[in-house]
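For chain A, the structure is supplied; the task is to place chain Z on it using the hints.
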Amino acid sequence: MRHAAEQNESQGHVPEYYEHSIWPALIGLGTGVALTGLFLLLKGLIFPGSLLLLLSFGAVLFGFLYHDTKSWASVVSRSFGRIPRDSVLGAFPVDINLTIQIVILTELLLFGGAFGMYFAIRARFAFWPPPGSPILDDFLPRIQTLVLISSSLLIEWAIWQLKRGNVGAFKVGLIGTTILGSLFPILQLGFEWPHLILNNILTPATNFFGASFYLLTGIHGAHVVAGVIAYGYTDIRAFMGQYTAKNHGFVEATATYWHFVHIIWLFLFALLWQGSRLLT
Amino acid sequence: MAGESTLNLKLGDFGTFVIFAAIYAAGTLGLPKISLLAYQVKIGEIPSAFVALFGFPAILGLTLGQFIANLGVEASPIAMLSPVFSFVGLLIIYRSRKFSTLAGCIAYIVITGFWLSVMLPIVKPEVSTSQAAISVFAGQFIAVIVGYLAYLVTARTLSKQGQSSAPQ
Chain A
1 MRHAAEQNES
11 QGHVPEYYEH
21 SIWPALIGLG
31 TGVALTGLFL
41 LLKGLIFPGS
51 LLLLLSFGAV
61 LFGFLYHDTK
71 SWASVVSRSF
81 GRIPRDSVLG
91 AFPVDINLTI
101 QIVILTELLL
111 FGGAFGMYFA
121 IRARFAFWPP
131 PGSPILDDFL
141 PRIQTLVLIS
151 SSLLIEWAIW
161 QLKRGNVGAF
171 KVGLIGTTIL
181 GSLFPILQLG
191 FEWPHLILNN
201 ILTPATNFFG
211 ASFYLLTGIH
221 GAHVVAGVIA
231 YGYTDIRAFM
241 GQYTAKNHGF
251 VEATATYWHF
261 VHIIWLFLFA
271 LLWQGSRLLT
Chain Z
1 MAGESTLNLK
11 LGDFGTFVIF
21 AAIYAAGTLG
31 LPKISLLAYQ
41 VKIGEIPSAF
51 VALFGFPAIL
61 GLTLGQFIAN
71 LGVEASPIAM
81 LSPVFSFVGL
91 LIIYRSRKFS
101 TLAGCIAYIV
111 ITGFWLSVML
121 PIVKPEVSTS
131 QAAISVFAGQ
141 FIAVIVGYLA
151 YLVTARTLSK
161 QGQSSAPQ
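Those protein sequences? They're chains A and Z, same order as listed.
My numbering numbers the first residue of the first sequence as 1 and each following residue consecutively.
My numbering numbers the first residue of the second sequence as 1 and each following residue consecutively.
The set of hints was computed from the structure by calculation and includes no laboratory data.
One or more of the hints may lead you astray.
[Unchecked claim] Far from chain Z, by Cβ distances over 10 Å, these chain A residues were calculated:
1) Pro130
2) Tyr214
3) Ala255
4) Leu266
[Unchecked claim] Just the calculated beta-carbon pair ranges, DEER-fashion:
5) Z/Val146 x A/Ser71: 41 to 47 Å
6) Z/Gly162 x A/Ile143: 35 to 41 Å
7) A/Ile175 x Z/Ile134: 48 to 54 Å
8) A/Thr31 x Z/Arg156: 51 to 57 Å
[What the hints assert, rightly or not] Listed below are several chain A residues computed to face chain Z (Cβ distance under 10 Å; list not exhaustive):
9) Leu148
10) Thr203
11) Thr206
12) Phe267
No residue lacks a Cβ here, since even glycine has one placed at the ideal position from N, Cα and C.
Chain A extracted, bound-state conformation:
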């Protein structure tokens, strides 16, 4: 059974043992159960019950990892190993546009919820940011904005070069984008956050503005890190010669995700840094 599935995979099909898998649904339900447990726990309600809910999610995760980790090594090695250097992948087995549209939609829901939380809290205050909030220095965020704009322009230029068949220029652009992308979390986690927290300028405990600030920039920062990892993976495949003028769906998908992360940052920059100067 497993052997037949691997044969299918080598012909460009999604492996059968991933189709109709029960684990995504179980993990999804488990996440809901865990969040309910966490909510009850934080509210101090039904302590044993909330603990049980959290543990049940842990059990689902353990079951998934126990079942799935066995195949991870072979999946990774097949991902790189089955494609010889300077060859290209066939067409994507699934429609990459549809896939990235679903990803962007789920991200929109996530950030929509986070911004909804921010505006709901903001609406409860007569003045925003609440009294006691600092006016945030926007020097580093300006640099971060510049970094994101440059990286978005560079990846578009790289894709344009690839479409014209200039693979060398494409690789330069891709590496440049990865380096610029890496600068963003370095500036955030290495300079901005330590400066604000260690100097006690703004911490999550300062007030609701502080809590919202770290929640929103934290979720966004995690997405930037994910984008940088995706670019790192794209770089490896680019240097294995896997992208051509006609085959670069994964690069475009990564770039689309990156652009999305970029636009979320613009909202954060306007609301949290520039907005901290407004008393509304």
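Structure of chain Z alone, referenced to chain A:
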């Protein structure tokens, strides 16, 4: 160019959309302010003429960029209506690109200038209507015409590149 011949959007246009939104928002929020009487000249207005080259993704991008910039600068409900007027103006620039992009740019200045002249005395009561009108129209004119000149240079460069790469 993206969206040159059609108003349909493809996923590949997302980059153009985001880059234009970023140029407007970051140009307005992140760069030093240039004051002209009662009005701040918005550097983000400079790429307006470029919608003639980049099409609908650029129109949507600049509109969203203005919305984001207003979130951080004006934050008044009336200011949040400004992107609607800009959207209409940008659409006119795009539609007029076949006979005169300059005419489209002037229409854009008139539409957005009229709206901002009405809005500014409401947001800032200390500014008179005439003072608002003079400063807004002058500010919009400077930003859009600078962008139009940059657009002309870009369009001619692209046109020359196209001619030189065309088969003889």
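Discussion item. Name the hints, by number, that the structure is in violation of.
Written reply: 3, 4, 5, 10 and 11
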